[in-house]
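**Student:** Let's have the full structure, built from the sequences with the hints guiding it.
These protein sequences, in sequence, are chains E and V.
So the first sequence is numbered by the working numbering: it starts at 1 and just counts up by one.
So the second sequence is numbered by the working numbering: it starts at 1 and just counts up by one.
You may find that some hints are simply not true.
Stated by the list, open to error - With a straight-line Cα cutoff of 20 Å, these simulated EDC-like cross-link-like pairs (lysine to aspartate or glutamate) come out:
1) V:Lys-103 - E:Asp-38
2) V:Lys-103 - E:Asp-97
3) E:Lys-18 - E:Glu-69
4) V:Lys-49 - E:Asp-97
These aren't lab readings, by the way, just hints derived from the structure by calculation.
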Amino acid sequence: DVKVTQSSRYLVKRTGEKVFLECVQDMDHENMFWYRQDPGLGLRLIYFSYDVKMKEKGDIPEGYSVSREKKERFSLILESASTNQTSMYLCASSLWDRNTEAFFGQGTRLTVV
Amino acid sequence: AQSVAQPEDQVNVAEGNPLTVKCTYSVSGNPYLFWYVQYPNRGLQFLLKYITGDNLVKGSYGFEAEFNKSQTSFHLKKPSALVSDSALYFCAVRDLNSGGYQKVTFGTGTKLQVIP
Chain E
1 DVKVTQSSRY LVKRTGEKVF LECVQDMDHE NMFWYRQDPG LGLRLIYFSY
51 DVKMKEKGDI PEGYSVSREK KERFSLILES ASTNQTSMYL CASSLWDRNT
101 EAFFGQGTRL TVV
Chain V
1 AQSVAQPEDQ VNVAEGNPLT VKCTYSVSGN PYLFWYVQYP NRGLQFLLKY
51 ITGDNLVKGS YGFEAEFNKS QTSFHLKKPS ALVSDSALYF CAVRDLNSGG
101 YQKVTFGTGT KLQVIP
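**Tutor:** See below:
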């Protein structure tokens, strides 16, 4: 059974803290994604990676960075957390072929206080 | 630029009745279209996709979707709704001509409520 695992289901952090969200996939997928989900806005792409050490900005990269040192692991970093980054964060992975679907992790609900 | 519209924030249907969740899209080239479902406090799960071929696509849990190129629509359907189908449904599109960047655009989601 394919799996995308996010390190935390729920996180509470203080404003200004550096926050790391970790994601691991066991399917040997080339592509990995970080999305943010907010009510009424759907899923918005933060960053995308198609290979180790490669990254592309998505629609809302401001305030975020990413790291992909190994193929199976994709980390999202909030350099200095702010209250407007309170959200549900979803990691996903997919094969390089553009007609394949994505597999999602269970999500991390981050609250910044 | 590609876009997806899900015009209904919520759809209510009685158990046993047919259901439809609407999706329209806009792309410059040919689309790849996807439906995903999200149960409460969970990630998204893939339901079905249209790549090419038959306009009626069958997927998981008895769902199907009809691709209509002239209306640029990809509505999700099920002949008989179950209470367990209650969830948030997302339509997504990828432009065949989007080049190397594998961007998928998601709709804002439609909450399906099946009433016993």
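**Student:** Taking the hints in turn, state whether each one holds.
**Tutor:** For each hint, the structure was consulted:
Pair hint Lys-103 of chain V plus Asp-38 of chain E holds up; C-alpha atoms about 19 Å apart against a cutoff of 20 Å. About 12 Å separates the Cα atoms of Lys-103 of chain V and Asp-97 of chain E, which keeps this hinted pair within 20 Å; it holds. Taking the CA atoms of Lys-18 of chain E and Glu-69 of chain E, the gap is about 19 Å. The hint holds against a cut of 20 Å. With a C-alpha separation of about 14 Å, the suggested pairing of Lys-49 of chain V with Asp-97 of chain E holds against the 20 Å cut-off.
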